[in-house]
Amino acid sequence: VSEEAASTPEPTGPSIDGLENVDGLTVSKEGKIFKITLNRPKKFNALTLDMYKGIQKALEVSNQDKSTSITVIAANGPYFCSGNDLTNFKAAAGGTKEQVAEMANTAKVVLHDYVDAYIKHEKPLIGLINGPAVGIAVTVLGMFDYVIATDKSSFHTPFAPLGQSPEGASSYTFPLIMGSLRASELLLVCKKISANTAKDYGLINEVVPDNEFEAQSQKAIESFSQLPPESLRINKTLLRSFHKDQLLKVNDMECDLIAERWQSKECHQAIAAFIMKGSKK
Amino acid sequence: VSEEAASTPEPTGPSIDGLENVDGLTVSKEGKIFKITLNRPKKFNALTLDMYKGIQKALEVSNQDKSTSITVIAANGPYFCSGNDLTNFKAAAGGTKEQVAEMANTAKVVLHDYVDAYIKHEKPLIGLINGPAVGIAVTVLGMFDYVIATDKSSFHTPFAPLGQSPEGASSYTFPLIMGSLRASELLLVCKKISANTAKDYGLINEVVPDNEFEAQSQKAIESFSQLPPESLRINKTLLRSFHKDQLLKVNDMECDLIAERWQSKECHQAIAAFIMKGSKK
Amino acid sequence: VSEEAASTPEPTGPSIDGLENVDGLTVSKEGKIFKITLNRPKKFNALTLDMYKGIQKALEVSNQDKSTSITVIAANGPYFCSGNDLTNFKAAAGGTKEQVAEMANTAKVVLHDYVDAYIKHEKPLIGLINGPAVGIAVTVLGMFDYVIATDKSSFHTPFAPLGQSPEGASSYTFPLIMGSLRASELLLVCKKISANTAKDYGLINEVVPDNEFEAQSQKAIESFSQLPPESLRINKTLLRSFHKDQLLKVNDMECDLIAERWQSKECHQAIAAFIMKGSKK
Chain A
105 VSEEAASTPE
115 PTGPSIDGLE
125 NVDGLTVSKE
135 GKIFKITLNR
145 PKKFNALTLD
155 MYKGIQKALE
165 VSNQDKSTSI
175 TVIAANGPYF
185 CSGNDLTNFK
195 AAAGGTKEQV
205 AEMANTAKVV
215 LHDYVDAYIK
225 HEKPLIGLIN
235 GPAVGIAVTV
245 LGMFDYVIAT
255 DKSSFHTPFA
265 PLGQSPEGAS
275 SYTFPLIMGS
285 LRASELLLVC
295 KKISANTAKD
305 YGLINEVVPD
315 NEFEAQSQKA
325 IESFSQLPPE
335 SLRINKTLLR
345 SFHKDQLLKV
355 NDMECDLIAE
365 RWQSKECHQA
375 IAAFIMKGSK
385 K
Chain B
105 VSEEAASTPE
115 PTGPSIDGLE
125 NVDGLTVSKE
135 GKIFKITLNR
145 PKKFNALTLD
155 MYKGIQKALE
165 VSNQDKSTSI
175 TVIAANGPYF
185 CSGNDLTNFK
195 AAAGGTKEQV
205 AEMANTAKVV
215 LHDYVDAYIK
225 HEKPLIGLIN
235 GPAVGIAVTV
245 LGMFDYVIAT
255 DKSSFHTPFA
265 PLGQSPEGAS
275 SYTFPLIMGS
285 LRASELLLVC
295 KKISANTAKD
305 YGLINEVVPD
315 NEFEAQSQKA
325 IESFSQLPPE
335 SLRINKTLLR
345 SFHKDQLLKV
355 NDMECDLIAE
365 RWQSKECHQA
375 IAAFIMKGSK
385 K
Chain C
105 VSEEAASTPE
115 PTGPSIDGLE
125 NVDGLTVSKE
135 GKIFKITLNR
145 PKKFNALTLD
155 MYKGIQKALE
165 VSNQDKSTSI
175 TVIAANGPYF
185 CSGNDLTNFK
195 AAAGGTKEQV
205 AEMANTAKVV
215 LHDYVDAYIK
225 HEKPLIGLIN
235 GPAVGIAVTV
245 LGMFDYVIAT
255 DKSSFHTPFA
265 PLGQSPEGAS
275 SYTFPLIMGS
285 LRASELLLVC
295 KKISANTAKD
305 YGLINEVVPD
315 NEFEAQSQKA
325 IESFSQLPPE
335 SLRINKTLLR
345 SFHKDQLLKV
355 NDMECDLIAE
365 RWQSKECHQA
375 IAAFIMKGSK
385 K
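Residue numbers (full-length UniProt numbering), protein chains in the order written: chain A, 105 to 385; chain B, 105 to 385; chain C, 105 to 385.
Chain A on its own, in the form it takes in the complex (with noise of 0.2 Å):
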């Protein structure tokens, strides 16, 4: 990692104690800033196994991490992230019913622990959201504490058209933060929402032109990063204490619930169908 790549606006920096490098996944510090950003455009940022563990550990580090005072999320490409990568479900997919059964046991411990980091987390959690969110990349959103994201973006949680249930412990924090029937229009019935919508249902903060997004998400990281970082991790955690439990107990539940689901017909007879027309265009 030389001395020019940091003078570059693409967020690549110097290699992180404690961090390996994972494919579709850059980690980097800058000033008081940890930013993890997604790194694979070409499939939209869909999350991989490793890309999972990948931005666990990151943010595991960070929290333990004393020269910097927040964590930023970001993404490269045209997409923000456009959630689960679903080819391995494809897999899974012309397995037995064994095979089918290890690979949503393995997925779900990956998952689980995925989220429980977001939960641990104790610095400022900020997300720059660039454009289309999808699934799980929408789901922890609840559990940021300021989101940015271009005029571009949108937000969806396509979880019962795919046989799904709701993760990242959305089914407690969505009717927390936006009221039962809005959480019921994003995770039940699964309608996808825009920017403005999502700004209006309090999942975001702010809303900027897609022409400005890079220069004002910047602005606004580097001066929450000049805030006294000891306040910050200390009142964080302090409004984090008042539901840390719950959300630590829904994580379990969404997870047992979802790994039930994977092995479901629906599930099944969904993604099927999703892959196949997938493959027609």
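One or more hints might be untrue.
Put simply, identical chains are the same to the list, so a pair is met inside one copy or across any two.
Said to hold, decoys possible - Below, simulated EDC-like cross-link-like pairs (lysine to aspartate or glutamate); rule was C-alpha separation at most 16 Å, straight line:
#1 Lys381 <-> Asp255
#2 Lys369 <-> Glu334
#3 Lys212 <-> Asp154
#4 Lys133 <-> Asp121
#5 Lys161 <-> Glu316
#6 Lys296 <-> Glu310
#7 Lys133 <-> Glu310
#8 Lys133 <-> Glu326
#9 Lys157 <-> Asp220
#10 Lys369 <-> Asp349
#11 Lys146 <-> Asp356
#12 Lys170 <-> Glu134
#13 Lys133 <-> Asp356
#14 Lys201 <-> Glu134
Calculated from the structure, these hints are not laboratory results.
Position chains B and C relative to chain A; hints supplied.
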């Protein structure tokens, strides 16, 4: 019920196993949709004790019905529902203390079981609000999953002016949905709000121009009803699970309190004044 | 207190049983309205320890007063309230560790009892926000029932920049009112918001043009005060009951934490810088 009736736009339909006819109520199945329609337009769909029991029973039958995937509550006429039929109280107003107490306790049980049926409902519950909604017709909206309203609708819960207390679990659901200050605006100082304000407050999901209301409502419920039914039921159950025990407890408390209020001087004076005002018009 | 004073628009009034005069505070009864007015306009209504205790006592007296049905908190001058009077801290800044600890523990008890009085208040609590509100004047709004603000008001809780932590039970009420991301926007990264944003966030109910503020506020509180008083008190008590124990516990936690923060290096540095900045102007 005739075949002819089924071909009109009115939501009549074939009789349903386990359900008796109730004056002022029409229950039907339309494809994957289980539909309950308030049908007492000359009385602005005010709820008689029989209508409470009929809706409760219909919600229970829909819960058991595997042939439909969602439950819809709609209404005929210019009003959605003017709330509790005050003629019950009118009779009581002239009675002895014991007669009033008996009336209050009978009504309390009916109200309690009515609200419990909403709490225990397992299908997505969709509300189509065709006009003004008052009292209990507003408070139970906190247990719906998606509500579409015409721009001619309004929402009013005049508990304090009538010497009464909130029901429908609203003292718990409204603060969660819209925050405590907006909840107090509705439930404590009892301001009437427009459809657009109800949307801003997250009490409803969508406001539609009156002349497009029927077509857009129909399109929405047909679309929702096509989602995988097992996923809908499982995901609704997950979302409800974090609040169900508390909702049941709140309903108990609210019913105990309102039965006391119905026997209070403030309530009798307020209702007498209300009926007097009505009879002078 | 003279008859003349009572005829001016200023909220002075007859002295009230059980209340002593407090500099910077006017307490009055106007019809069915119990009114507490911040009256230290030259200091932007910054709260001295005596004012905290005076407001607490007034809330308690109003609680017991059967001749009024609602409690109103208003203010004189261009500001609603600039928050905690930092001169207390200024004195402490030069003191020994023991003196700072003593100051922190004294202030903690005053703050604790002040916030408890809001939690235990049984009448509808109405806020009339005539200008900027800062710190504790903002955080306690989560325990009001209806708030009207002029369009010249703003809302700011600069805890982190001052090395402090949230109080007024806001770490619990704000996420419930506006969702966790907006709560973090205010309480964690500490953005100042306008009256219109505060209304969007459900922290206040109504924004009124500044030149209409006095007339419209007066009209609203007179209207609310005419509602049946027993119903108001019973319904407020019901709404509060689901949160009261948690609010008391949160207040305890917040007060313990802020007393620690007042003794922290980050806090002392931030306040010194703030006072330095002020003295250079």
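Now for the hints, and whether the structure bears them out:
1. Proximity of Lys381 and Asp255 under a CA criterion of 16 Å is satisfied in neither setting, with 28 Å inside one chain copy and 38 Å between copies.
2. Taking identical chains as interchangeable, the C-alpha atoms of Lys369 and Glu334 lie at most 16 Å apart only when they sit on different chains, with a minimum of 10 Å there against 50 Å within one chain.
3. Within a single copy, Lys212 and Asp154 get their C-alpha atoms as close as 14 Å, which meets the 16 Å cut-off; across copies the closest is 48 Å, which misses it.
4. In the homo-oligomer, the alpha carbons of Lys133 and Asp121 lie at most 16 Å apart inside one protomer (11 Å), although the nearest pairing across protomers, at 62 Å, exceeds that limit.
5. Neither within a single protomer nor between protomers do Lys161 and Glu316 lie at most 16 Å apart by alpha-carbon distance, with minima of 31 Å and 51 Å respectively.
6. Proximity of Lys296 and Glu310 under a CA criterion of 16 Å is satisfied inter-copy only: 14 Å between copies versus 18 Å inside one chain copy.
7. For a Cα distance limit of 16 Å, the shortest separation of Lys133 from Glu310 qualifies neither inside one copy, at 24 Å, nor across copies, at 43 Å.
8. For the identical chains of this complex, Lys133 and Glu326 are intra-copy neighbours only, at 12 Å inside a copy versus 50 Å across copies, given an alpha-carbon limit of 16 Å.
9. Taking CA atoms no more than 16 Å apart as the test, Lys157 paired with Asp220 passes inside one copy only; the shortest distance there is 12 Å, against 43 Å between copies.
10. For the homomeric pair Lys369 and Asp349, neither the shortest alpha-carbon distance inside one copy (33 Å) nor that between copies (31 Å) is at most 16 Å.
11. For the identical chains of this complex, Lys146 and Asp356 are neighbours neither inside a copy (32 Å) nor across copies (52 Å), given an alpha-carbon limit of 16 Å.
12. When the C-alpha separation of Lys170 and Glu134 is checked against a cutoff of 16 Å, the pair qualifies only within one copy, where the shortest distance is 13 Å, while the shortest distance between copies is 56 Å.
13. For a Cα distance limit of 16 Å, the shortest separation of Lys133 from Asp356 qualifies neither inside one copy, at 32 Å, nor across copies, at 37 Å.
14. For a Cα distance limit of 16 Å, the shortest separation of Lys201 from Glu134 qualifies neither inside one copy, at 47 Å, nor across copies, at 36 Å.
Figure legend: structure checked against the earlier numbered hints; hints not met, in rising order: 1, 5, 7, 10, 11, 13, 14.
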